[in-house]
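Number of protein chains: 2
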Amino acid sequence: MADSFHIVEGELWVEDHSITYIGAASKKASHLAEHIVWDREIDACKNLLMPGFKNAHTHSGMTFLRSYADDLPLLDWLKYQVFPMEAKLKPEYIYDFSKLAIMEYLTSGITANFDMYLSPEPIAKASVDCGFRTVIVGAMNNFTQSVEEMEEYYNTYNHYHQLISYQLGFHAEYTTNRERLEGVASLAKKYKAPVYTHNSESKSEVQGCIERYGMTPTAFLNSLGMFEYGGGGYHCIHMTDEDMNIFKEHGMSVVTNPGSNVKLASGIAPLAAMQQMGINIAIGTDGPASNNCLDMFREMFLATGLQKLSLMDASAMDGNDVLYMATVGGAKAMCLNTCDTLEVDKAADIIMLDLNQPNMRPIHNITKNIVYSGSKQNVKMTMVNGKILYEDGKFDIGTEPAALYERIESIVNEMKK
Amino acid sequence: MADSFHIVEGELWVEDHSITYIGAASKKASHLAEHIVWDREIDACKNLLMPGFKNAHTHSGMTFLRSYADDLPLLDWLKYQVFPMEAKLKPEYIYDFSKLAIMEYLTSGITANFDMYLSPEPIAKASVDCGFRTVIVGAMNNFTQSVEEMEEYYNTYNHYHQLISYQLGFHAEYTTNRERLEGVASLAKKYKAPVYTHNSESKSEVQGCIERYGMTPTAFLNSLGMFEYGGGGYHCIHMTDEDMNIFKEHGMSVVTNPGSNVKLASGIAPLAAMQQMGINIAIGTDGPASNNCLDMFREMFLATGLQKLSLMDASAMDGNDVLYMATVGGAKAMCLNTCDTLEVDKAADIIMLDLNQPNMRPIHNITKNIVYSGSKQNVKMTMVNGKILYEDGKFDIGTEPAALYERIESIVNEMKK
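Protein sequence lines, in the order shown, are assigned to chains A and B.
Residue 256 in full-length UniProt numbering sits at position 256 of the first sequence, and the numbers go up by one each step.
Residue 82 in full-length UniProt numbering sits at position 82 of the second sequence, and the numbers go up by one each step.
Incorrect hints may appear among the rest.
Since the list gives no way to pick out one identical chain from another, each pair is judged satisfied if it fits inside one copy or across any two copies.
No more than 27 Å apart at the CA atoms, straight line, and that leaves these computed lysine-lysine pairs for BS3-like [what the hints assert, rightly or not]: (1) Lys-394 with Lys-46; (2) Lys-90 with Lys-192; (3) Lys-90 with Lys-190; (4) Lys-190 with Lys-248; (5) Lys-416 with Lys-46; (6) Lys-387 with Lys-346; (7) Lys-88 with Lys-189; (8) Lys-46 with Lys-417; (9) Lys-79 with Lys-417.
By construction, these hints were calculated from the structure, which means they are not laboratory data.
Please model the complete structure; the sequences and the hints are all you need to start from.
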């Protein structure tokens, strides 16, 4: 993995939605370029172009709960703060809240998200209207969405817009009864599709599943045939060797969410062990109610730092591998096979990182600088599908930020009443 | 502590180096203002002015080692990477390297640092030339600096410039012999001065001291009379109850460095217990070779997050208390008594945070937004001692960033030969 990064000096061309040339500003390139009428030529000033980060687990619509109630015990927070506020949600609110999250993703160089929240339509609409790429995942539990609805969503949102796709999923084993889970497994078989869910985030969740079914969540869900076509788990903290073997055997992805796991005191996922087994690992911010920051730089630092800390080994989890997780690993987990790297014919999901900032100097090692010192402040440009949505602090997402902030404050004040 | 933050709408005036008015843009204020010829009036656009962060432990001159050798076991890193490169240092290099660190502090809203590195002169000169505030701390060990030199430094750098002060200190118990330590304790008594050192950063350090002297580092140093006039410890991870009692009794400060402690796998300082005892806590980034980022936002998140994680309690270490540590707690540890809060007659060490960014919305709770979601990208302005040194991404520090970057790359390339 660590060897998969190499840095090229030269030009990168984008036409429509794709990368069409990477290489030296050579004669051949100049010759080809003669036939193209360029909209814009950007001098990158020796800054770095790289594939956008993939936020492989989030709940964008939850921005309204950011810092609404921090520093509370987990269950109090959910029961008395999150659930009563969520009960007041309307789809049009989710649309605006998701847009706010997309803005933050752009500031952090994130070009795609894997989004689980109550209704798919406002999520899809917010992304398309902003020009952002989103993989929506089923959010079914005993109270929200049904197997039939999920099938309908699967067919609708996989043919909705080139920026949108949909994957089967449900909230978690502990919030979804056996009948519904069997329904999801049937869909997985019918569509030969992967399935995603929150998995082993807390000890009590694992314990509860063992009491109900005599198996860990991973083993139980696997016993239903849930992962015949792969899929993945969000969090994956309290995992047994057998659980990890199931992930490995089925080519499943672990999506780690270290910021949220720290803030909610959930624990540290055994990423180093998973990586050693060859399991694909992706990184997500989780939602803004629990993290609260939608910042891939923070997550990357934590993804390596918490391994070092828990294994008491400063050499654990190389920074290069973490950068791989945040880009290629994420794209793989999200089935975004054309958005993973900078290559000709790949989607133009590209960011420019400002290396002319004190935190990026000196340049001994660019990837380590990104993982260990990088910050949102280094994101000079975020392009999704060939369109620049964020550049030098300005957004081009079809909405004025100030108007969106104002609308959100007024919605939130209404909800608090 | 949590109650000590309150937010005022109105105006803040700075004259020369101090704050001269905070309050409503009232008639009285307007009347007073008539007699003043303002250099500049800034519309804060409903953004937040707050006291600058205090970086209470760092080694600024080590920027040259940032990402030179990450992801190595601790001792290999020190022996084969850090020490051989440090052997090639010259004072003029430390000057440039310190300036690079100062630039990064400014981008993170840090207005003062507590700096321990090889030679005081280039550190002091870099800070004065940039207009930055620095408390230099003695860096004595068996090979660098002597007790006599430290006394000379103490007298020199406490009368050098209003931006510079000097505190007694040494590298650590395990690198400094008893005779030298007794010398420092004598200076502490002579000058009625506090003393600072790295303390209980690793288990082996504590074990070594117990083997040498039958006491923990804190107890042993205290037995020499080292802390008669207070002082503090950097890191303070592996602390006994007795150690913490000594800190409490002597009014000493703990300076926590969670980013470095994570990356070097050192452990988690028991901040919640220390706080409960009423020990003053400050936050430092540690040096750029070990962290590698000089970013108070990352440190604040970790200061609370690691407590939550280690105590398995999402309610541990309230975000408001962490913001206090990063500002008032730091100023207290560094004896910067006029730089701690925004009040009339206090030093104008002020930052402006951009609340008109997606990660600061909605505004349920500004302090929690800063601690949990804040990033360098939110720092719109950093003022030290009444002068704006950083604003909207531009530096005013008497050096062109591009020239400094170039000089540093060339020094570093020379050193690597």
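We went through each hint and held it up to the structure:
no.	hint	result
1	Lys-394 with Lys-46	both (21 Å within a copy, 19 Å between copies)
2	Lys-90 with Lys-192	neither (33 Å within a copy, 64 Å between copies)
3	Lys-90 with Lys-190	neither (32 Å within a copy, 69 Å between copies)
4	Lys-190 with Lys-248	within (22 Å within a copy, 66 Å between copies)
5	Lys-416 with Lys-46	between (48 Å within a copy, 22 Å between copies)
6	Lys-387 with Lys-346	within (14 Å within a copy, 48 Å between copies)
7	Lys-88 with Lys-189	neither (36 Å within a copy, 64 Å between copies)
8	Lys-46 with Lys-417	between (51 Å within a copy, 24 Å between copies)
9	Lys-79 with Lys-417	within (18 Å within a copy, 61 Å between copies)
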